[in-house]
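Engineer: Read top to bottom, the protein sequences are chains A and B. With numbering that gives the first Met the number 0 applied, the first sequence covers 0 to 363. With numbering that gives the first Met the number 0 applied, the second sequence covers 0 to 351.
Honestly, the hints are just simulated from the structure, not real lab data. Watch out, some of these pointers could steer you wrong.
Away from chain A, derived, C-beta distances all over 12 Å, residues of chain B [as the list claims (entries may be wrong)]: (1) GLY10; (2) PRO74; (3) TRP81.
For the chain B half of the interface with chain A, some residues (derived, Cβ under 7 Å), not all of them [claimed, not checked]: (4) GLU1; (5) GLY31; (6) THR32; (7) ASN35; (8) THR258; (9) GLU261; (10) LYS289; (11) ILE290; (12) THR293; (13) PHE296; (14) GLY334.
The C-beta atom is built at its ideal place from N, Cα and C for all residues, glycine as well.
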Amino acid sequence: MEPVFLDDKLKEIFEKVKKNERLSFDDGLYLYETKDLMGAAQIADFKRRSLHGDKSFFIYNQHLNYTNICRNRCLFCAYAKDYCEAGSYQYTMEDVEKELLEKIDQPVNEIHMVGGLNEGLPYGYYIDLLKTIKKVRPDVTIKAFTAVEIDHLSNISGKSVEEVIAELKENGLEMMPGGGAEVLSYRVHKKLFQRKINKDRWLEIIEKVHNAGIKTNCTMLYGHIETVEEKVQHLIYLRELQDKTNGFIAFIPLAFHSENTKLSHIKETTAFEDLKNIIVSRLLLDNIPHIKAYWVMLGEKLAQTALHFGADDLDGTILKEKITHSAGAKSAVGHAKETMIRLIEKAGMKAIERDAFYNEVKAG
Amino acid sequence: MENILKKALEGKRISGEEALFLYDNADLLSLGTYANILRTKKADKNQVTFVVDRNINYTNICISACKFCAFYKKPEQEGGYWITNKDLEQKIIETKELGGTQVLLQGGLHPDKKLDDYVNLLKYMKSFDIHIHGFSPPEISHISNLENISVKDVLKTLIDAGLGSIPGGGAEILVNEIREKISPNKCNADKWLDVMEQAHNLGLKTTATMMFGHIEKKEHIIEHMERLRQLQDKTKGFTAFIPWTFQPSNTKLESKTATSAEYLRVLAISRIFLDNFENIQASWVTQGSKIAQTALFFGANDLGSTMIEENVVKAANIDFRLPMEEMIRLVQTAGFEAWQRDCFYNRIKKFD
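The task is simple: from the sequences and hints, build the whole structure.
Structural biologist: Shown next as structure tokens:
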């Protein structure tokens, strides 16, 4: 149906989108600022449908977090612990095996694995992680380690980033998640996550990862101290890199959860804000195929709704989410495949089970 | 489909068949968009309202035994109560202290209480000078049957004792074949509408609700709205429509909770179809704050009640203002002015 706008200025943006013209920084700002949520949603939905029709994707995946011990201690994190602090842990290979074997009867397609920067773990440990997963589940796709972990591995091994990536790839790494970008801004970096790699290093590492033939996702953590300008700039940095490498598969806006963090005074993001981030990312990131409504952070209800606001993916079954739940997420820790299908179908969309690379998984 | 929506936008009434066609064929975002535009025409486009009130359930003893209810006690069961004046006093005083303007008074269908008991209840409450939004049609109908007094006379007596308006509860789905299955002992659809019509004729304003997402079919949802629209044409007595989804836990109906997309679809259709209703309420209690805020763009212009009682109980008096502050935040971050209203949707106070 032809969109109807309450805010006439959105018509200009819609015309651009229809002509596949790239949106500007100012267009991004305007989309964030307009009160006409439904008007902006219609443009995002137009774009989403031109890319994916009424398909909405999900994956049968499992999360694995090998350690919560982390030297970075970012202010927005409720998951990290110090070495020997109560509740801190690091998996042995037996632990990894055990956690995988617990769900071995389930048709898991992808293992999503990230962890803290644990200075007690040697370089070989990371290679062993990959080998162990491959041993227990030879057919699964391993999507693991953010740019932050790659930088850390390069530091502790004395190897170049390229060498680290090549070795991880040799041992089974097939894809990387998009975490650790937070907000690609010096200001936010300085205030919230000083000890983590900054914007330049994050982009540099991801470019090298893409050049090595490994696809990644990308993310943005919003809903804390960032400004609208910083968010738009973040999206444009990602778009520029994608122009060069074409290595991003999906973008995932991450809604900040403040419970148990040093920023616990910050209130939960609102639906208006969550949906705006989905809309704007769908429209600015014209070269990134998929936008994910991450149900863990948005809640199942809003994630389902977001499928009409530009998102085309709900993430997956996850089985046991730990990181956002340590910061007070109210969603379930995992979902049955049937629940994912039901959410998508009840939204009036076609549910497509996918693999890590968004290839359709045939039933059977 | 576009023709039906455009017709609605021009202020022309759409038929039940057309509403059903939209239900089956329109995508959620288009429905929401048109509902949102109609909402800006029917109700103040810059304002979102809510009422500060408290639920008081005067009894949980109920002979109705509805299958979707997790609240009631059978008369012979342990744990039944009839509220004491002391409790009433404390609850009303607290409500007023928190800036509340009304009490939502509802209860079970008690087998023994007489009309006088209800009159005494109202008179005692009225002595604290607060608006009483009370007794849904099944309760009125029950008192009328028990006392063998006409609905009209029951209503008149209750009005004289201080009843100010009637909540739209107990409507569930206004289709008899559905009610026979889920609430066989509650008044039927015709009786529900009859009580409302008589109340309207006596000058009482009421709301209308709909509980969906259980065993009903989409045709029943449309029939429900159709009957409300007809009565509203006659009386203009409904102030608002409040759809909400059935919550299956602790009840005897086996069902999955309706998803938010289904909720928003019904909400948007109600805004498009119910052209003679000014106000449509979002249900934060059943949908949570995120979908309640989203609902403000799918036809809703009101967030209902802050429900002091629920919150006081849960928060043990620690942070009772948070829900109201949260409501104001939801409204303002969505780009609207936040207004406290009274039962008749008169604006009381704008929050900055």
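Engineer: Next, verify each hint and record whether it holds.
Structural biologist: To see whether the hints hold, each was checked on the structure:
no. : hint   : result
1   : GLY10  : holds (15 Å)
2   : PRO74  : holds (38 Å)
3   : TRP81  : holds (36 Å)
4   : GLU1   : holds (6 Å)
5   : GLY31  : holds (6 Å)
6   : THR32  : holds (5 Å)
7   : ASN35  : holds (5 Å)
8   : THR258 : holds (4 Å)
9   : GLU261 : holds (6 Å)
10  : LYS289 : holds (4 Å)
11  : ILE290 : holds (5 Å)
12  : THR293 : holds (5 Å)
13  : PHE296 : holds (5 Å)
14  : GLY334 : holds (4 Å)
When the structure is compared with the earlier hints, no violation turns up for any of them.
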